[in-house]
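As you go down the protein sequences, you meet chains D and X in turn.
Offset between the first sequence (1-based) and the working numbering: plus 1366.
Offset between the second sequence (1-based) and the working numbering: plus 1366.
For the record, the hints were derived by calculation from the structure and aren't laboratory data.
Accuracy of the hints is not assured; some may be wrong.
Below, computed lysine to any residue pairings styled on SDA-like, alpha-carbon distance capped at 25 Å [claimed, not checked]:
1. D:Lys1476 x D:Asp1462
2. D:Lys1484 x D:Phe1457
3. D:Lys1532 x X:Arg1552
4. X:Lys1559 x D:Gly1510
5. X:Lys1508 x D:Phe1381
6. X:Lys1508 x X:Asn1538
7. D:Lys1446 x D:Phe1389
8. D:Lys1508 x X:Pro1373
9. X:Lys1508 x D:Glu1495
10. D:Lys1559 x X:Thr1496
11. D:Lys1532 x D:Leu1520
12. X:Lys1437 x X:Arg1463
13. X:Lys1476 x X:Pro1486
14. X:Lys1508 x D:Asn1538
15. X:Lys1559 x D:Asn1538
16. D:Lys1508 x X:Glu1494
17. D:Lys1508 x X:Asn1386
18. D:Lys1508 x X:Gly1399
19. D:Lys1508 x X:His1555
20. D:Lys1508 x X:Thr1513
21. X:Lys1508 x D:Glu1494
22. X:Lys1517 x D:Ser1369
23. D:Lys1508 x X:Ser1379
Keep in mind that this is a model prediction, so the values were computed, not measured.
Number of protein chains: 2
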Amino acid sequence: MKSLHRPDLYGWSTFNPARNIDFNGIAWIRPNGNILIDPVALSNHDWNHLESLGGVDWIVLTNSEHIRAAKEIAAQTYAKVAGPAAEKEIFSIACDRWLSDGDELVPGLKTIELQGSKTPGELALLLEETTLITGDLIRAHKAGTLTILPKEKLLNPEAAIASVRKLAQLPNIETVLVGDGWSVFRDGHLRLKELAATL
Amino acid sequence: MKSLHRPDLYGWSTFNPARNIDFNGIAWIRPNGNILIDPVALSNHDWNHLESLGGVDWIVLTNSEHIRAAKEIAAQTYAKVAGPAAEKEIFSIACDRWLSDGDELVPGLKTIELQGSKTPGELALLLEETTLITGDLIRAHKAGTLTILPKEKLLNPEAAIASVRKLAQLPNIETVLVGDGWSVFRDGHLRLKELAATL
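Bound-form chain D, shown alone (with noise of 0.2 Å):
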């Protein structure tokens, strides 16, 4: 896995050809016990440099399109996972936990709940005020520029720009990890603000 911006934060990436781009998995370690949020399938080597980092606790999945490896991973490491509250009818995996707006899986990690977006519900996470989550309406096609899922895709465009803008009022955002594309590593409140911007 690849460090990102901070010593405790990984990433690694399978690249889809369908888009040209890198759909990413996180990876945040913690001596309380590590949680991955949307982790696509790991190599041999990563998998090893998971373990050796203490293994998998809690799998966060942003939304049903976004289960990707977690079957996998969550039954050879017997982690838990979480998932959007929204979704809860028709999740296609066991979840031991739903997330809803304002919950907080473990401490410093906030759960924002998204609106309109391609499915109910989809999660944004806020980890420590600095660097927030994303799964599906926000992402990076070009880098260095954030931007959202086409309207067609949307439930409801108005919904899921109004969520958007809600995203670019938080002061702190340092980085923004999106699950598809580029992410944004510095600046991420001025590079969310300009996205509400063009919407």
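Assemble the complex: chain D is given as a structure, and chain X must be docked to it using the hints.
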């Protein structure tokens, strides 16, 4: 290949498990012939993508330790190869052109010769004043923060630091594309100044 920060620039990567970073190749798509810089191996998908964008006219290698997949690509495409003039005597791949400080391989692609790095006369490339492309000396293992090779790998640390300081004085750098690790897509000039301040 993945879109970078401009529609005419693409990148693709191979993960290096020894260092847990990506090694990156770059493609500049131009009406008068595409240019690859320090190309790593291309997947079949990326190869087809590159062919669909016009193939390869030139391959530029920043130093003798970044030859990577250049031999195979040159053999298959008949691309011409350019390398650092200071390594002319020992370069392990035939070059059609040797680049020195100030040379412009094609309009808009200026050569900057660095001193004191792992190899003599390592090249950095300045693409239309705003995108700096670095080979080995400037790199990023931590996302969002530029660094340089460790001192013990440098031929001459003082000369290498002086070269970095020179790059940090280029006023219009928005993007720093690194051969090894995490590229910086915004505020490149600030990131280079921050780097210079740590040396």
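Against the structure, the hints come out as follows:
1. About 17 Å separates the Cα atoms of D:Lys1476 and D:Asp1462, which keeps this hinted pair within 25 Å; it holds.
2. Restraint check: the Cα-Cα separation between D:Lys1484 and D:Phe1457 comes to about 14 Å, which is no more than 25 Å; the hinted pair holds.
3. The hinted pair formed by D:Lys1532 and X:Arg1552 meets the criterion: a straight-line CA distance of about 23 Å does not exceed 25 Å.
4. Between X:Lys1559 and D:Gly1510 the CA atoms are separated by roughly 19 Å; this keeps the pair inside 25 Å, and the hint holds.
5. A distance of roughly 21 Å separates the Cα atoms of X:Lys1508 and D:Phe1381; the hinted pair therefore holds under the 25 Å criterion.
6. A threshold of 25 Å between alpha carbons decides the hint, and for X:Lys1508 with X:Asn1538 the separation of about 23 Å falls inside it, so the pair holds.
7. For the suggested pair D:Lys1446 and D:Phe1389, the alpha carbons sit about 22 Å apart, so the restraint of at most 25 Å is met.
8. At roughly 8 Å between alpha-carbon atoms, D:Lys1508 and X:Pro1373 fall within 25 Å of each other, so this suggested pair holds.
9. Of the supplied pair hints, the one linking X:Lys1508 and D:Glu1495 holds, its CA atoms being roughly 20 Å apart against a limit of 25 Å.
10. Of the pairs offered as hints, the one joining D:Lys1559 and X:Thr1496 holds, with about 23 Å between alpha carbons and a cut-off of 25 Å not exceeded.
11. The straight-line distance between the Cα atoms of D:Lys1532 and D:Leu1520 is roughly 17 Å, inside the 25 Å bound, and the hint therefore holds.
12. Pair hint X:Lys1437 plus X:Arg1463 holds up; C-alpha atoms about 15 Å apart against a cutoff of 25 Å.
13. Proximity of X:Lys1476 to X:Pro1486 is assessed by CA-CA distance (about 18 Å); at most 25 Å being required, the pair is judged to hold.
14. At most 25 Å may separate the alpha-carbon atoms for a hinted pair to count; X:Lys1508 and D:Asn1538 meet this at roughly 20 Å.
15. Annotation: proposed proximity of X:Lys1559 to D:Asn1538 holds, straight-line Cα distance about 23 Å (limit 25 Å).
16. Our distance criterion of 25 Å between C-alpha atoms is met by D:Lys1508 and X:Glu1494, whose separation comes to about 19 Å.
17. At roughly 24 Å between alpha-carbon atoms, D:Lys1508 and X:Asn1386 fall within 25 Å of each other, so this suggested pair holds.
18. Between the alpha carbons of D:Lys1508 and X:Gly1399 the distance comes to roughly 23 Å, so the proposed pair stays at or under 25 Å and holds.
19. Annotation: proposed proximity of D:Lys1508 to X:His1555 holds, straight-line Cα distance about 20 Å (limit 25 Å).
20. Taken as a hint, the D:Lys1508 and X:Thr1513 pair is honoured in the structure, with Cα atoms around 24 Å apart against an allowance of 25 Å.
21. Simply put, X:Lys1508 and D:Glu1494 have alpha-carbon atoms about 19 Å apart, close enough for the 25 Å limit, and the pair holds.
22. For the hint linking X:Lys1517 to D:Ser1369, the alpha-carbon distance of about 21 Å falls within 25 Å, and the restraint holds.
23. Restraint check for D:Lys1508 and X:Ser1379: the C-alpha separation of about 16 Å stays at or below 25 Å, so the hint holds.
The structure shown violates none of the earlier numbered hints.
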